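Trainee: As a plain string of letters, each chain reads:
Number of protein chains: 4
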Amino acid sequence: MADQKILKIGVVGGTGYTGVELLRLLAQHKHCELKVITSRQEAGTPVAAMFPNLRGHVDLDFSAPSDAELKKCDVVFFATPNGVAMQQARALFDGGVRIIDIAADFRIKDVATWEKWYATKHACPELIAEAVYGLPEVNREQIKGARIVANPGCYPTAVQLGFLPLIKSGKVDLEHLIADAKSGVSGAGRKAEVHTLFAEASDNFKAYGVSGHRHHPEISQGLNAMAGRAARLVFVPHLTPLIRGIHATLYAQLTGSVDLQQLFEQQFADEPFVDVLPAGSHPETRSVRGSNICRIAVHQPQGGDIAVVLSVIDNLTKGAAGQAVQNMNIMYGLPETTGLEQIALMP
Amino acid sequence: MADQKILKIGVVGGTGYTGVELLRLLAQHKHCELKVITSRQEAGTPVAAMFPNLRGHVDLDFSAPSDAELKKCDVVFFATPNGVAMQQARALFDGGVRIIDIAADFRIKDVATWEKWYATKHACPELIAEAVYGLPEVNREQIKGARIVANPGCYPTAVQLGFLPLIKSGKVDLEHLIADAKSGVSGAGRKAEVHTLFAEASDNFKAYGVSGHRHHPEISQGLNAMAGRAARLVFVPHLTPLIRGIHATLYAQLTGSVDLQQLFEQQFADEPFVDVLPAGSHPETRSVRGSNICRIAVHQPQGGDIAVVLSVIDNLTKGAAGQAVQNMNIMYGLPETTGLEQIALMP
Amino acid sequence: MADQKILKIGVVGGTGYTGVELLRLLAQHKHCELKVITSRQEAGTPVAAMFPNLRGHVDLDFSAPSDAELKKCDVVFFATPNGVAMQQARALFDGGVRIIDIAADFRIKDVATWEKWYATKHACPELIAEAVYGLPEVNREQIKGARIVANPGCYPTAVQLGFLPLIKSGKVDLEHLIADAKSGVSGAGRKAEVHTLFAEASDNFKAYGVSGHRHHPEISQGLNAMAGRAARLVFVPHLTPLIRGIHATLYAQLTGSVDLQQLFEQQFADEPFVDVLPAGSHPETRSVRGSNICRIAVHQPQGGDIAVVLSVIDNLTKGAAGQAVQNMNIMYGLPETTGLEQIALMP
Amino acid sequence: MADQKILKIGVVGGTGYTGVELLRLLAQHKHCELKVITSRQEAGTPVAAMFPNLRGHVDLDFSAPSDAELKKCDVVFFATPNGVAMQQARALFDGGVRIIDIAADFRIKDVATWEKWYATKHACPELIAEAVYGLPEVNREQIKGARIVANPGCYPTAVQLGFLPLIKSGKVDLEHLIADAKSGVSGAGRKAEVHTLFAEASDNFKAYGVSGHRHHPEISQGLNAMAGRAARLVFVPHLTPLIRGIHATLYAQLTGSVDLQQLFEQQFADEPFVDVLPAGSHPETRSVRGSNICRIAVHQPQGGDIAVVLSVIDNLTKGAAGQAVQNMNIMYGLPETTGLEQIALMP
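So the protein sequences, as listed, match chains L, U, C and S. Once you know that position 222 of the first sequence is 222 in this note's numbering, the rest is easy, because the numbers rise by one and skip nothing. Once you know that position 216 of the second sequence is 216 in this note's numbering, the rest is easy, because the numbers rise by one and skip nothing. Once you know that position 104 of the third sequence is 104 in this note's numbering, the rest is easy, because the numbers rise by one and skip nothing. Once you know that position 250 of the fourth sequence is 250 in this note's numbering, the rest is easy, because the numbers rise by one and skip nothing.
With the rest of the complex left out, here is chain L (with noise of 0.2 Å):
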């Protein structure tokens, strides 16, 4: 792709924690013009008067939804909440535009897996398995030629990257894996709701969806594929009192020898977001704040049969935006890391 290539991008739904995320980095990056940004509750709103940090960079008001707009760009990224995307996806995909669901519309193969755990009827089944599952480290190529991707869910982001080189390894009990993940609280979106609210977030740790959570299908999906066939996962969420920020703790059971270290640094060698931390570190999350990175470190506490592995994204930026605009880059044969070098916000 020539330098001065430029991407004509429509943002759906640009009022949430991903979409001014999204929006922060498309702002600044250099083959992309942002051409609508819709919302229909604030049709007419500058979208720097709700977002002040954008003033001076993003100078659309947001517009009401309209296919017609929409289908004059190369690219529109859904960063709405779920079940949005599939009302539209036809239409754009039929008019030619490819199309980057932030949401989970297309993150499961399984239609009735999927409309049990979203609680409603999928809008576009057929649409499902043109769809890619936007996680570069595992689907890179397909990715390439994708007309819709399925951005994954930040949970799963953290979670699989981090048992990937272990099920790719087979020296790992697939029956018994654990993954409890601690998120930071924009997870949850900007939603008026009582239990993300300061008072009751703030000084305060508990996990939640124990017995279940949509994210644990989509993890299994993937981890089911690593492994050729189905594995168990008890995955089990909490809530932390950090604004960005996941750290997945992931335990598994060894079933043969291996070099936890060297494995972990060969399967990521060449992956430019993530980023193998020497033997015996303990990856921070506000060292991704900000940054599209996956940090990871990985212990086998006493020599015993158990491996920990330790890793951290940023639940807006990897887990989200900035996998969006990652999988924008892999689709239009740019440079992976373009508009994706910021440096982690510390302290």
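Since the hints were derived computationally from the structure, they do not count as laboratory data. None of these values were measured; they are calculated from a predicted model. Do not take every clue at face value.
What the hints assert, rightly or not - Label pairs and their calculated CB-CB ranges: (1) Glu-69/U with Ala-279/C: 23 to 33 Å; (2) Lys-30/S with Ala-91/L: 34 to 44 Å; (3) Asp-59/C with Gln-28/U: 17 to 27 Å; (4) Ala-91/L with Ala-91/C: 56 to 66 Å; (5) Thr-113/C with Asp-110/S: 45 to 55 Å; (6) Gly-228/C with Glu-69/U: 50 to 60 Å; (7) Ala-269/C with Gly-83/S: 44 to 54 Å; (8) Glu-271/L with Thr-337/S: 29 to 39 Å; (9) Thr-45/L with Val-111/S: 20 to 30 Å.
Note that CB positions come from ideal geometry on N, CA and C, so glycine has one too.
Since the structure of chain L is provided, determine the placement of chains U, C and S on it from the hints.
Mentor: Coordinates of chains U, C and S only, in the frame set by chain L:
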């Protein structure tokens, strides 16, 4: 014990977080009179000048350590760094004073293990055998007659209480116990250190000590005692941006069928400070903030063979000073809840 | 009042933060018996299911509002949104029940001003004259005989107590009073709103309502009464990432010479809940977390003509529920500190 | 300056928060090449081992301080504690190296005042006159030719920018200026101290230094210069639980009629890093998190005679390292925004 009984109390090292928490509790304990609070560094400073929440409640000044004054007490609490209590214990013990060490000096029965983890020679190994490990839910009878109580650590309290019913049931795989524990920052104490600065620990989440942590041998000693044989535990502590609170998420493989909810309810039915939540619950750390309660829930995700226990305490109360007062109540035949009826501060 | 006297207590609207704080205090008040806690929405739900910190302390279910049950009480507290108490006050008042409204319905004597700021017609303007403004440090005598107490707002409590000695001294310029006040997020209540979400309010600081805030006329009414004439106040509230706490920084130009430290100490010498710190001090909000204390310090920087007052309270305790209990104690001739002796939780 | 020009950069003292922030900015500045980063304590340690957010962006190790290496640089930044730059400045200055001191050594023109507040003798008072105070919005022309830039403090930046239009208008009472300023905890630096521990500074709010603060004479020097005569300022700093951010709330009595909104908009119309918000706005610190912007709003509450200015910056960026880079850009004739176009991270 008669209602009018007043215990004369000494506190060694009242300048840390367990110290100020202990003073908060003792200042309103109707059977206690604070006689002396020592601090080498702060001798002469009014205690309430350092901790203004105690203004109007504690009128003492810090005094220089002196066996003479402490020997006049009925009970002396050590709210000191590790390695201090063992220096003064012999003299007090010989003087007939009862000792409750909130630090680690008497927790581990195996002297070599203690000396390895605390990186110093034990000053009075002969008194370790005298000490009773002060986890009332396990050792209540021995505590009654104890002359030295080794008050458990914060992680060990949350983890041992959570595993207790499972291990006693005999229906878990003792080779693959996992404790994924998250602690508030006050657990690191009131020491000037970089890694616990606000600008380091706020809006951040990380694991630490995965390869080994001092609380590991303490927990293992307890689990082994419950099991009657050696259990293997992987223990992964994490630092989370709370002031107070520990959340232990425990994983154990079930080796037989058991009604987990009933098991936990029966185990703790008579315990004043363990509250088993209804099936399907997720305890929050804030629900025990400033109280001596351990709240526990147990799950069996997807009906599989892994039990998940969620156990929360306030690390400074049930995990330190509150449990110390509970032990004192038991030692002196007072109602166990005396001075410990505070309702958690929420929000 | 005899020591054995037990008051029958009703609480209307116990599902917000002032509600749960009130229940925390009343559940351990030795002269109170909770008879009924109403919530239209949550009728039938155990109170402790919503607020697990109350498990074992409050056994009632929320009940549907009913004058019948409330009329059997001695005192009814309204821990409701503004505009609710005035709907129920007449019937209770006529039934001889004493009312303590923690919301704003009876705080402002001028009905037109109230109706402007609360944007609704007052339902029982004739009862406003009956109501006593419940700031004990100003109105203790009238509170003793009150049948309706209008419990002050959180900002008004911190600001009025700080200005009281200055204004009573007659030595400040009444035309240029400034209150720069900072509130924790629980002050906004337990309502699902975007601007108080953790991901919005954490790691952020902002002013709001600079052009006007409901507490402004309430404070001005109080300052005018202290001064005996109209004072002019600039009031700038700010939102700060605390759960609990208000810090008011007050500025007043001195018009004559005065020993500020002595002035403040004398004003509050007999007050059980106002603690004037030594000269040169800076009170911290956490020093009053969960307690009913107002801590105050006064400065005169560089010996100039501007007095700076620093005044801190817990907005839910002295700024709401604690002060309501204090008012109840005064109304019933109980020792004013009954049930309010909690030591602030620090750290 | 030609587009291909690359400046050789030295950083003295890169282990603190202004250091890591400076490295974040310089590592992506297209006209800069980091040549040497010194730290006596950490010599030999890879910079990215201490600050993992820099992994892949900064490949240097910390080196021992050495004039030889620094003299090969075009510019040397001092991101050191106060009192270090003045020890090394003479040699570098004589060697023709330009100096930007992010600490306080060259900020105050009156040596006696500096020595009083920094409690040490100044090592090179003769260079103070050479130094230009690096507030571009006031001193841009002098900065262009500067060989030593004294980079302003964080509070002084936020306060001076907010007062600038008011004082230049000549319509405020210079005897009663008030700056009520609130700082995030990173402003205290990356030093191991008790009062900035997470468990001390989190969920807490307090004023400090009301009787005097080092930034007071620095601000006063600036305000006096703007006014052309001595102004009197009351400055009250507060510590608030943010990592980054300063919010200054400024109060000034108006002595004549003035359109405040127009006044502010005109003053800053051409400034790339001062953003005057629309009338009625309240800037949030998070809207500038990680960016070099100062956002300002001005109010005149109730149409009275007091102007209220709300001014926010990121203390580490516009309040320290970002402004230092801005000064470097000006010194070398680069576009002033080069390397400083980061969009604030929100949420």
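Trainee: A separate judgement is required for each hint: does it hold in the structure or not?
Mentor: Structure-based check of all given hints:
1. Checked against the given bound of 23 to 33 Å, the beta carbons of Glu-69/U and Ala-279/C, roughly 32 Å apart, stay inside it.
2. Distance hint for Lys-30/S and Ala-91/L: a CB-CB separation of about 42 Å, consistent with the stated range 34 to 44 Å.
3. Distance hint check for Asp-59/C and Gln-28/U: the Cβ-Cβ separation is about 24 Å, which falls inside the suggested range of 17 to 27 Å.
4. Between Ala-91/L and Ala-91/C the CB atoms are about 59 Å apart, so this pair conforms to the stated range of 56 to 66 Å.
5. Between Thr-113/C and Asp-110/S the C-beta distance comes to about 51 Å, which sits within the given range of 45 to 55 Å.
6. At roughly 55 Å, the beta-carbon separation of Gly-228/C and Glu-69/U lies within the given 50 to 60 Å, and the hint holds.
7. Checked against the hint of 44 to 54 Å, the pair Ala-269/C and Gly-83/S passes, with Cβ atoms roughly 46 Å apart.
8. At about 32 Å, the beta-carbon gap between Glu-271/L and Thr-337/S stays in the expected band of 29 to 39 Å.
9. Distance hint check for Thr-45/L and Val-111/S: the Cβ-Cβ separation is about 54 Å, which falls outside the suggested range of 20 to 30 Å.
The structure fails hint 9 only (numbered hints given earlier).
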